[in-house]
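Taken in order, these protein sequences are the chains called V and C. Reading the first sequence from the start, the letters are residues 1020 to 1368 in the working numbering. Reading the second sequence from the start, the letters are residues 56 to 672 in the working numbering.
Among the hints, a few may not be true.
To be verified - Straight-line Cα separation of at most 30 Å, DSSO-like style, residue types lysine-lysine; simulated pairs:
#1 K188(C) - K1358(V)
#2 K508(C) - K233(C)
#3 K233(C) - K138(C)
#4 K1358(V) - K138(C)
#5 K1190(V) - K1101(V)
#6 K1312(V) - K1206(V)
#7 K192(C) - K294(C)
#8 K71(C) - K378(C)
#9 K188(C) - K294(C)
#10 K562(C) - K516(C)
#11 K264(C) - K1312(V)
#12 K1358(V) - K294(C)
#13 K608(C) - K294(C)
#14 K1358(V) - K265(C)
#15 K203(C) - K190(C)
#16 K265(C) - K192(C)
#17 K608(C) - K330(C)
#18 K508(C) - K1312(V)
Honestly, the hints are just simulated from the structure, not real lab data.
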Amino acid sequence: MSADSAIGWFADLRITDRPTVGGKGASLGELTHAGIDVPPGFVVTTHAFELFLKALEASAPVRTAVEALDATNLDAVTALSKTLRARVEEEPLPQQVERAILEAHQQLTDGDMAVTVAVRSSATTEDAEDASFAGLQDTFLWVLDAQDTVKRVRECWGSLYSVESMTYRRKHGLPEEGVAMAVVVQKMVDARTAGVMFTRSPTTGDKSVITIEGAWGLGSAVVSGEVTPDRWVMGKITGEISVRDISDKHIRQVPAPGGGIFDEELPDDMRNAPALSDDELQALRAVGRRIEKHYGRPQDIEWAIDKAGNLLLLQSRPETVWSAREQAPVVATQADPLKHVMTIFGGRR
Amino acid sequence: MTMADAKQFPLPSSLKVVPGTEGAQAAYPYFTQFVPEDDGKFWFYNSMHFPEPMHHFDMITAEAAYVALGAANTRVHVLPTAKGIEHRIINGRVYIGGVAVTDPAEIQERVGEFQQRAFYYYEHWERLYDSWKEKMKTLIADALALPKPELPDYEPLENVHAGKGVAANHALLDIYQKQIEGYHRMWHHHFEFLLLGYGAYMTFFDFCKKAFPEISDQAISRMVAGMEAEIFRPDEEVKRLARRAVELGVDTHFTDGMNIEAVLADLDRVGNAGKEWLGELETSRNPWFNVSSGDGFYHYHRSWNDDLSLPFAALPGYIDKIKAGANIERPTDQLISEREQLVADYRELLDTDEDRATYDQLIGLAHRVFPYVEGHKFYCEHWYTNLFFNKIREFGALLAQNGFFGANGREEDVFHLTQYELESAIIDLMLGWGIGAEPRGPRHWPAIVAERKAAIKEWAKHPTPAALGAVPDAIDDPAIVMLWGITRESLDRWLAADEEGPTNELKGFAACHGVVEGTARVVKSVEEIGRLQQGDILVCQVTNPTWAPIFQKISAAVSDIGGSMSHMAIVAREYGLPAVVGTGTATQRIPDGARIRVDGGRGTVTILEEARVLEDA
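Whenever a hint applies, use it, and build me the whole structure from the sequences.
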């Protein structure tokens, strides 16, 4: 992808494009390139954002206004946030940017009105590693058309100027110069079942197991915590399923007719039925292993299975909680291997 | 129930002898009877090895095993923190308890001794194991050479002319004592390597559990499992016989529910092909059909050689598969490469070079010791034990023939005598033969045998507590942890189980993963194996590799006894057959014919539907 493109297609992106397409976008590109089934899409790049910002700055200052803020003055921050977000959402986009988004949308949907998209912010540092992007995880599901897509892209950009985000940057003295936001636009999956997968245990950090959580409908219900998902723990290498916690899933999130999503009550027989079959669990495990191998480290993955039963990956990011811990040897090394047996024979362990 | 009570199993002194069985209880040796001081110790019921009330003779298995295990742990390898295992018998049930070493100075001293002894074994493992096999083969040859005990009317003339100078009645005592001596010797051999082998395995196991806190026991077992182990051989022989039957064109003789005697007679009649197959059968039988259909700890765990029904039950299925062009060979190369892949895949998950170095050391040691851990059972519990009980059976036949068990006495009745009583009965018979007068046995033993038969029947009706006495804070005895899989956690589970109401779910060890629903076939003995239909779920008490040939027929397996390293678990994993072992009570709680779900990944069995459809008459 050239450095000054307003959009970048997943197929053309690599993990190294993170500075211009954000962590989410770069990861989706990398996965696509690795042959993993990812719903197709494109990223509105930070370059597009910079072009817009330039246009905004031409009428009134943006970055200098933020840098001049006193983080402790909540009223001032709130007032500026309101102003800037309104500007981002309403002032005209540079034609070049708007056209790029509309054309890409047309290409993605092939003009099919029935095809909807998800619009998600893609921060330029790894999501979980940088708290400066806390609260910038905007996701708009079931976005119906091109105009609505542009509107949602602007809202993602606008979140850079939320009270929370600006306060954080000012408190930490971060320069506004580097602040930018990419936005992912991806074909929506009408999920039968969706959820998350960790390629290590979130509770013990064990890298030999995969934990899968899933529920009926769109994955947003799982991510937001509105439904207690079914939970499985399986051997990463062996595939044996050691935990099957099937929960009472009282609702599922499904597309709303006018765009967006809504909660649908579930009949009793579905509420307590497992949302994934064993074959699907094994397919998830296989793809989880592949992604982990590709990146060389444990992953935190969002996935969906569409109505036709196809498994699709929506997102993958490195696991950070356990990976950040110091890696001390499991047991003290011994020159003489036999000394190890004293852990069994030598007394209290 | 108060919190204090919750940590306490019944005291030994509170356990009463079942009324009416006092005589049978008193006949067990004095040193196996509970005494008041035993209330101060912790005991658990050895349901793993002795799940049923013991015949008085069979008690020798506990006795000889604990003589040898104790010596190995206490005096030979000198385990630092544990000595031997004490045992007590009540209502035919064997309770055991470990003797811990707690004095730090003594532990320190024993560490020094242990390292000089055990480490030598680890370092010279292959050579010592080779010589172990030779010792076992010699021991087996000696047992095979023991003549059948017989009493002629007159001493054979040639013995007299040869100046033998020892009469035929002396041979009874000689054979008996040699056989008892051999059994004890076998158990010493049995424990020569066992704890060290399990210890090396447990060291790797322990490392894996630290490195991978959620790894399943079965995954670790699969990394260690041997590929050439003797336990697979009997099943391989059945497959070979199926193949030979097809090659020789005699396969149509083998059908489900066949009369084995008739089939053997037919094969003998149908010409060279039939005779050739019978020759192949003989080749397989010696030694590979010396496998016990149980764990080999009871006289009634007969071997395939004594009862061909098990291997023959498997023949039609294997023959069908061969004729359908299926490959039924054990894919050893594939199994080896799968194991290597598994070891490599887990290694790759380790975080540090230090861990990878330790992992390599420990898996190397585990692979080194494992042929013994898996292989010894064939020589000890199967082959030798089978010879041993059959020799005792010969004494039973001789005594029965001499009226010792009454008018309707059977050779099996001999197992109602303790080994000490049996020696006295033999001497009684020797005296009678020598004196030329009637032995006293025929008037003495029938009533005793009848009393004990009734006692065993009665004892079997009374469940016995899983453990007795105060729960120890920790279980540090490596023998108890390794051989019985008992930990502080499992004791807490037992205590909790007593408090729970009835449920339709049973828990055990997850032996091989997979979920299957089907019809439970509760098989209490080998004779019932014919009842298994294609796709049934086998529910049995003791799991054993000799049942492997019927694994082709079943869809899952459940057992009362066994851990994730039990032989059945190993074989189930080979067949990819979902299995839950060590449920404790499956054969009691699951009604025959019930619909059940087996989850071999979680180690649970769920009774879905107890009601059985009544068959039309």
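Hints versus structure:
Under the criterion of a C-alpha separation no larger than 30 Å, the hint pairing K188(C) with K1358(V) is consistent with the structure, at around 27 Å. Only pairs whose Cα atoms come within 30 Å are accepted, and K508(C) paired with K233(C) is accepted, the gap being roughly 28 Å. As the CA atoms of K233(C) and K138(C) are separated by approximately 28 Å, the hinted pair is consistent with the 30 Å bound. Our distance criterion of 30 Å between C-alpha atoms is met by K1358(V) and K138(C), whose separation comes to about 20 Å.
Proximity of K1190(V) to K1101(V) is assessed by CA-CA distance (about 19 Å); at most 30 Å being required, the pair is judged to hold. Distance hint between K1312(V) and K1206(V) is fulfilled; the C-alpha atoms sit about 26 Å from each other, no more than 30 Å. With a C-alpha separation of about 25 Å, the suggested pair K192(C) and K294(C) falls inside the 30 Å cut-off, and the hint holds. For the given pair, K71(C) sits about 59 Å from K378(C) by alpha-carbon distance, which is inconsistent with the 30 Å threshold.
A hinted pair counts as satisfied when its Cα atoms are at most 30 Å apart, and K188(C) with K294(C) qualifies at roughly 26 Å. For the suggested pair K562(C) and K516(C), the alpha carbons sit about 23 Å apart, so the restraint of at most 30 Å is met. For the suggested pair K264(C) and K1312(V), the alpha carbons sit about 23 Å apart, so the restraint of at most 30 Å is met. A threshold of 30 Å between alpha carbons decides the hint, and for K1358(V) with K294(C) the separation of about 43 Å lies outside it, so the pair is violated.
The straight-line distance between the Cα atoms of K608(C) and K294(C) is roughly 14 Å, inside the 30 Å bound, and the hint therefore holds. Distance restraint check for K1358(V) and K265(C): the Cα-Cα separation of roughly 17 Å lies within the 30 Å cut-off, and the hinted pair is therefore satisfied. A C-alpha spacing of about 23 Å is found between K203(C) and K190(C), which places the hinted pair at or below 30 Å, so the restraint holds. Only pairs whose Cα atoms come within 30 Å are accepted, and K265(C) paired with K192(C) is rejected, the gap being roughly 40 Å.
Taken as a hint, the K608(C) and K330(C) pair is honoured in the structure, with Cα atoms around 29 Å apart against an allowance of 30 Å. The suggested pairing of K508(C) with K1312(V) is violated, with an alpha-carbon distance near 64 Å, which exceeds 30 Å.
Hint check: violations occur at hints 8, 12, 16 and 18; the rest are consistent with the structure.
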